Amino acid sequence: MTKTVISIGCDHIVTDIKERVSEHLKEEGYEVIDNGTYDKLRTHYPIYGKKTAEKVVSGEAAFGVVLCGTGVGISSSAAKVPNARVALVRDVSEAEYARKTLNANVVAVGGHITGVDLIKAIVDKFITTDYEETPEHEALIKKINALEGPKPEQTGNEHFFDEFEKKWEEGYYHD
Amino acid sequence: MTKTVISIGCDHIVTDIKERVSEHLKEEGYEVIDNGTYDKLRTHYPIYGKKTAEKVVSGEAAFGVVLCGTGVGISSSAAKVPNARVALVRDVSEAEYARKTLNANVVAVGGHITGVDLIKAIVDKFITTDYEETPEHEALIKKINALEGPKPEQTGNEHFFDEFEKKWEEGYYHD
Amino acid sequence: MKVIIGADKDGAKAKDELVLELKEEGYEILDLSKEGQDFVDVAVAVAKQTLKETNNGEDKSETAPRGIVIDKWGTDAFMAANKLKHVICANVSDEHSARMTRRHNGALMITLGTAVVGSELLKSCAKAYLEAPFDGGRHMVRIDMVNKMA
Amino acid sequence: MKVIIGADKDGAKAKDELVLELKEEGYEILDLSKEGQDFVDVAVAVAKQTLKETNNGEDKSETAPRGIVIDKWGTDAFMAANKLKHVICANVSDEHSARMTRRHNGALMITLGTAVVGSELLKSCAKAYLEAPFDGGRHMVRIDMVNKMA
Numbered sequence: 001m002t003k004t005v006i007s008i009g010c011d012h013i014v015t016d017i018k019e020r021v022s023e024h025l026k027e028e029g030y031e032v033i034d035n036g037t038y039d040k041l042r043t044h045y046p047i048y049g050k051k052t053a054e055k056v057v058s059g060e061a062a063f064g065v066v067l068c069g070t071g072v073g074i075s076s077s078a079a080k081v082p083n084a085r086v087a088l089v090r091d092v093s094e095a096e097y098a099r100k101t102l103n104a105n106v107v108a109v110g111g112h113i114t115g116v117d118l119i120k121a122i123v124d125k126f127i128t129t130d131y132e133e134t135p136e137h138e139a140l141i142k143k144i145n146a147l148e149g150p151k152p153e154q155t156g157n158e159h160f161f162d163e164f165e166k167k168w169e170e171g172y173y174h175d
Numbered sequence: 001m002t003k004t005v006i007s008i009g010c011d012h013i014v015t016d017i018k019e020r021v022s023e024h025l026k027e028e029g030y031e032v033i034d035n036g037t038y039d040k041l042r043t044h045y046p047i048y049g050k051k052t053a054e055k056v057v058s059g060e061a062a063f064g065v066v067l068c069g070t071g072v073g074i075s076s077s078a079a080k081v082p083n084a085r086v087a088l089v090r091d092v093s094e095a096e097y098a099r100k101t102l103n104a105n106v107v108a109v110g111g112h113i114t115g116v117d118l119i120k121a122i123v124d125k126f127i128t129t130d131y132e133e134t135p136e137h138e139a140l141i142k143k144i145n146a147l148e149g150p151k152p153e154q155t156g157n158e159h160f161f162d163e164f165e166k167k168w169e170e171g172y173y174h175d
Numbered sequence: 001m002k003v004i005i006g007a008d009k010d011g012a013k014a015k016d017e018l019v020l021e022l023k024e025e026g027y028e029i030l031d032l033s034k035e036g037q038d039f040v041d042v043a044v045a046v047a048k049q050t051l052k053e054t055n056n057g058e059d060k061s062e063t064a065p066r067g068i069v070i071d072k073w074g075t076d077a078f079m080a081a082n083k084l085k086h087v088i089c090a091n092v093s094d095e096h097s098a099r100m101t102r103r104h105n106g107a108l109m110i111t112l113g114t115a116v117v118g119s120e121l122l123k124s125c126a127k128a129y130l131e132a133p134f135d136g137g138r139h140m141v142r143i144d145m146v147n148k149m150a
Numbered sequence: 001m002k003v004i005i006g007a008d009k010d011g012a013k014a015k016d017e018l019v020l021e022l023k024e025e026g027y028e029i030l031d032l033s034k035e036g037q038d039f040v041d042v043a044v045a046v047a048k049q050t051l052k053e054t055n056n057g058e059d060k061s062e063t064a065p066r067g068i069v070i071d072k073w074g075t076d077a078f079m080a081a082n083k084l085k086h087v088i089c090a091n092v093s094d095e096h097s098a099r100m101t102r103r104h105n106g107a108l109m110i111t112l113g114t115a116v117v118g119s120e121l122l123k124s125c126a127k128a129y130l131e132a133p134f135d136g137g138r139h140m141v142r143i144d145m146v147n148k149m150a
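Protein chains in written order, with the working numbering: chain Y, 1 to 175; chain V, 1 to 175; chain S, 1 to 150; chain G, 1 to 150.
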């Protein structure tokens, strides 16, 4: 039997939490594609939000899970991937709603906002809840998808953020 | 200037989270009495809930902070300490309410329910919010305190739980 | 299963909605809410009745009665209820705690605050609590400890 | 500061209460709620107006307008709003996220769901968001990245 594949990603703030979620998913019998980051070295959440969501919309993974401190940064990045439908949640019931009604394919949580057991409960419910296809739900999804603008050269482009990483290394961005 | 003293305690499930909260409090200039547990060896939350709350009602500490997985076990134990007024919360606004209205002196959170940054925000608000003394609030507190029954030989008794620890070691309790 | 429920004025609307749903699902409801009760009154009324119907919380079977209090803040009714001997009460605002507090703490009752918990989350927390079994086993030693304190 | 706000029918009551409080505190309110809007309509209306009044989100000053959407679930309006170019929207149900999403993400708007967030928590989240400054600095590189994607 083929395992269901989950694509997961995080920023450097919550790598430890991501590891615990990933372990949990593997224990539950899922295959995990871990898109990084893999350590606590300062990096930038859009890199991992984009990678994680792209694995989902390409079909390599069934669902995505993204985490940063509050979940906002990485989820708003994931949401800019065409056909990603991202739910940022702090509760199981929201996750369930987003699957049932909007066929959400990426779930986001704040790794420093929500505790690890509640995160696991949220992710479990998200990936085990079926979308309920109705004309109303389909119409809502179509309406949401129609908000997307064109994304030239974005998808699968690993150099998409290079210009900013270069400026970052040159010290352009500083506190 | 004397530092404000915070009494803190946890069970073995969330020792790592307790350490991060304790570090945060010290960085903010508080003195921390850490009542344990100090590692991840399986133990029993009532031991630490009782110890932590007793330091508060005795006056050794200004406030108590207790954590277990959901916060329920350790907070219900702390609540059984005479004159402890314990608030179990997941949000800053609840913590603020409990201080202002009920002069709560111990705050409890679920270390596996609430993320570490939100826990810090909750604890910070709890220990910096003043009780608003009004006749209404005083009457509520009196009404809550009056619910306590007698607690013979409980306070400060380090052997209070010995009978159960003995039974535990003898294998009386098992899954 | 019998659910012993109570609300002060801030929890009344949410309580009525919850009672409707629980009745539909076949729960037997004992509503102890009365005009003019504050959160302490409600917490104590629900706690004492639930203690009475569970042999001081000793009956933690799947069909054992459980208590639910709904007020504005939850954490205040929680504070009051836990002062009573043999009461293990959880203030709940997420489904995982709601489930685990029955499984691990054998919680006699929960409190829910409408200031903090939204309408749907409140219902799903209540149901998660009512549907969860008590795990017993190693968890009993901690409950015995708490009960000695109370 | 100007607050651009919108609610669907499930968020209308909470929105009215919030607007009252914000007006008392001196906020200027632009309420875009209209009969018959679903959460997508509201999210888009608030997002587009807030983009317009902040030069596509570039104005992140302390007095820059911000958007708030209140509906049933929050996470659905969040899903819709973030599809728009230059929108960084946060679905919020705790005060710490509310504050940090402005400080670190410079969030243009937030969504709040009444199914999940209780009445007082909703108001305190909204205020925490409105009162927080944007930290800028290193956080700008991530925002520039998101904005290139959109």
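These are calculated hints, taken from the structure and not from any lab test. Being a predicted model, the structure only gives us computed values, none of them experimental. Honestly, I wouldn't trust all of these hints.
Only pairs whose alpha carbons sit at most 25 Å apart, straight line, appear in this in silico DMTMM-like list of lysine to aspartate or glutamate [what the hints assert, rightly or not]:
no.: 1; chain 1: V; residue 1: K142; chain 2: S; residue 2: E58
no.: 2; chain 1: S; residue 1: K85; chain 2: V; residue 2: E165
no.: 3; chain 1: G; residue 1: K148; chain 2: Y; residue 2: E158
no.: 4; chain 1: Y; residue 1: K151; chain 2: G; residue 2: D31
no.: 5; chain 1: Y; residue 1: K3; chain 2: Y; residue 2: D124
no.: 6; chain 1: V; residue 1: K167; chain 2: S; residue 2: E53
no.: 7; chain 1: S; residue 1: K123; chain 2: Y; residue 2: E158
no.: 8; chain 1: Y; residue 1: K167; chain 2: G; residue 2: E53
no.: 9; chain 1: G; residue 1: K9; chain 2: G; residue 2: D41
no.: 10; chain 1: Y; residue 1: K40; chain 2: V; residue 2: E165
no.: 11; chain 1: S; residue 1: K148; chain 2: S; residue 2: E58
no.: 12; chain 1: G; residue 1: K127; chain 2: G; residue 2: D31
Verification of the supplied hints:
no.	hint	verdict
1	V:K142 with S:E58	29 Å, violated
2	S:K85 with V:E165	21 Å, holds
3	G:K148 with Y:E158	14 Å, holds
4	Y:K151 with G:D31	32 Å, violated
5	Y:K3 with Y:D124	15 Å, holds
6	V:K167 with S:E53	28 Å, violated
7	S:K123 with Y:E158	45 Å, violated
8	Y:K167 with G:E53	28 Å, violated
9	G:K9 with G:D41	12 Å, holds
10	Y:K40 with V:E165	40 Å, violated
11	S:K148 with S:E58	13 Å, holds
12	G:K127 with G:D31	17 Å, holds
Hints 1, 4, 6, 7, 8, 10 from the earlier list are contradicted by this structure; the remaining hints agree with it.
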